[in-house]
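Note that the protein sequences, when read in sequence, are chains A and B. Sequential numbering from 1 applies to the first sequence in the working numbering. Sequential numbering from 1 applies to the second sequence in the working numbering.
Honestly, I wouldn't trust all of these hints.
[As the list claims (entries may be wrong)] Under the rule of at most 30 Å between Cα atoms (straight-line distance), these lysine-lysine pairs were calculated in the DSSO-like manner:
# : chain 1 : residue 1 : chain 2 : residue 2
1 : B       : Lys331    : A       : Lys66
2 : B       : Lys213    : A       : Lys66
3 : B       : Lys185    : B       : Lys213
Because the hints were derived from the structure by calculation, they are not lab data. This structure is a prediction, so every number in the text was calculated from the model and none was measured.
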Amino acid sequence: MSQDPYTILGIDPQADDATIRQRYLQLVREFPPEHAPEKFAAIRAAYEQVQSLESRVSYRLFAQGKNDSVEQLIEDVLCQMPRTRPQLRLWMQTVAPKPSS
Amino acid sequence: MSRTPSPPPSLNPVPPSATHEAGTAWSLLLLADIAIQQGKPDGLPEVHRPIWAKVREAFQHYEAQRDEQARQALQAIPLGSPFLEWKVLLRGLLAYSAQDDAKAIDNWQRLDPRRLPAKLAAPLRWQIDPTFRQTLPRQLQQQYCQQAMQLLPLPEALTKLARALHQTSLTSAFRLAEELVALWKSHPARVERLANLFYWQILDHGEPKDLSKFTQIFGPPKHDPKFMRLQALIYERQGQIVLANTYWHSYEHWIATQPTLWPGQMGELARAILWERMGRNALQYLQNGDDDEFDFIAQPLGGKRPTRLPLQPDHEACFRTSMRLAPDWPKPAVALFEYYLQQQQTDRAFAMAEELLARDPHHLGALNAMARVRCDRGEWEVALELTQRALATAPLDPQQRRQTSEIYERYIRQASAQKRFDRARQLLGSLRQLQLLDKTVMHLALECVLEQKAGNSARVEAIRQQLSANPVQQIQSLYCLAVEAIEQKLQTKGKSAYENDLQRLLDEQGSVMTLCALLTAAQWYRDAQVTYRGQATYQTKLHKWMDALIKTQPTPETLRALGEVLLAQNQVFRLRKIVKAGKELFPNNPWFCFFEAELKCIQWKAGQAELSTVWEAYQRAARLAKAKTSEYADLLARIDARQKQLPEMFTEFFSFL
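Bound conformation, chain A alone (with noise of 0.2 Å):
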């Protein structure tokens, strides 16, 4: 999953304060922390970067990009791949464990 705090908070680069506040208010009411713990922690660290116009600038300065990995661009190949027909003996041995007796 993406670590740009735009991404995770699904707005754009160019949006001011009050549309960045909007947006985190209703994920953390869509991902509340008792819920999707992970997922909130992520929103709420994504906000901070980029809640005022100086988070903003400094996130563009010295932090764009560095969080990202190459796990994470792998991920987000493997969701915008199109879709496949898996075989169901090659699907059963990636995913499913042996039968037990």
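With chain A's structure known, arrange chain B on it following the hints.
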């Protein structure tokens, strides 16, 4: 969007523990899953075998891309069948292959997560259902990603790239990146992300040649086409401040010429942020120099850095440029204000505080410094307004409450001296609301003298009774009343009475408890920077009393009690006497080694001692305390806490030795 999986009622298997019947139904569902997985209906009751065959048939049609026939085969699976979950899985799969993600998600989210079909669907659902993906714990996300990697035709170069980057082999990673760039010609966003990945990899693991390799493969980075930012970051990381600032300067120039990328206010703030960073670097350079010029190990061992000339442009010029570029941004003004304060350039600090408050009206440091200077100038109401603003900004901060109380105390004394009793009482009410319990005696004495001046004898009597309720308080109140009488300009008769009481106590030279109580009271006024007539005489008498006690009653308890009071007051000279006497007379008592360590620590903070001696002194104290752990458990905990506060690197270094 995604919902919590809730299978239809007919399929909802009851865990085996519920009833025998339910357990049998659950077993049947498991048998159905096993039969599909093994490709043999051996364990299945005869009646379910034709449906098993239909599921197999549906899969075969699906794999052969005969979707319509697969659908027809699925129609033969009735609602009550143990294979119904497989029917739902296959329906989702047909939608998935037809690129109908919504329908696939709709089917798969109905699957029972305990059954095999849900497990099979999970990596594909992870691929297409962002909500499902985001709400999964990280561990499951990784598991499904790994499974999806095996099921989907991911470019081999990408998996190899992951390996190369993990091995920090940038040369082979660049080669693989070339392959991916060629492969992703129609995915510019993906290539940009890959480029970005390499950009930051160069910071962590790169070499100078990697910059040209990067440009060759990806072209110049959009936000840093000449790698000025990257090189500034690299040099900063290496502690080469001169070079780092040179590159930051160039980068700032470049931003100024990019109104499209860095428009208007954003561009100016970006430049201001860079100047502020250069300012901090320049300050660091002035204080520490470049890391390559000084052996890092020499400093903790007490080496001295040579004095150096400031970097050009120097920190002040950098901070001021930053302030000019972004007048509403307080950070550079804060940095300059703190620098001037640290350098004791008071006038410049206050001028900067005024400027800072214009930018950030809630800046605590500036508000408190200004309140104090206004107070010193006798501008009481302005000082009060400033300290109240500071308190409103940090109402629970004990340090702030103390600073505010000092302004109140000074103003009350002044108002009382001018016989503005109502105003003084009003301020006293606000002072009480701060609830500084350790200053209760001082505040009662303040009020006592105020009411005495105002002629309110009933209240004076009540306060005196309150002050005499506890012996330590009573002694401390004698000191406070004498000081307050002087400060509030009480009439001569009343003032002399208080002074005589204190003189008598000082001349008697009573117990160590009395001396400690008086030393503490004297310290309250020193902390609040209150000076009064007779202060030096009182101090001298207290110190003579202390010297006499050290000579005549040198018990460990006496010396320790005095040591604690002096330590709380940071009285290095007097504490040294206690340490000397304590160590000579009681060499196995860890308290005096602890006081010695604390002394060394104070000296180290002032740049007058080496950190190694501080550490060793704490170690000595700990060794002695460990010999009688039961007796010195509290001291051991205190030593441990103090040692943990020492710089981490140094602690590790010495524990290794």
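Going down the list of hints, with the structure as the test:
1. Restraint check for Lys331 (chain B) and Lys66 (chain A): the C-alpha separation of about 24 Å stays at or below 30 Å, so the hint holds.
2. As the CA atoms of Lys213 (chain B) and Lys66 (chain A) are separated by approximately 19 Å, the hinted pair is consistent with the 30 Å bound.
3. Proposed proximity of Lys185 (chain B) and Lys213 (chain B) is supported: the alpha carbons are some 19 Å apart, at most 30 Å.
Taken one by one, the earlier hints all hold for this structure without exception.
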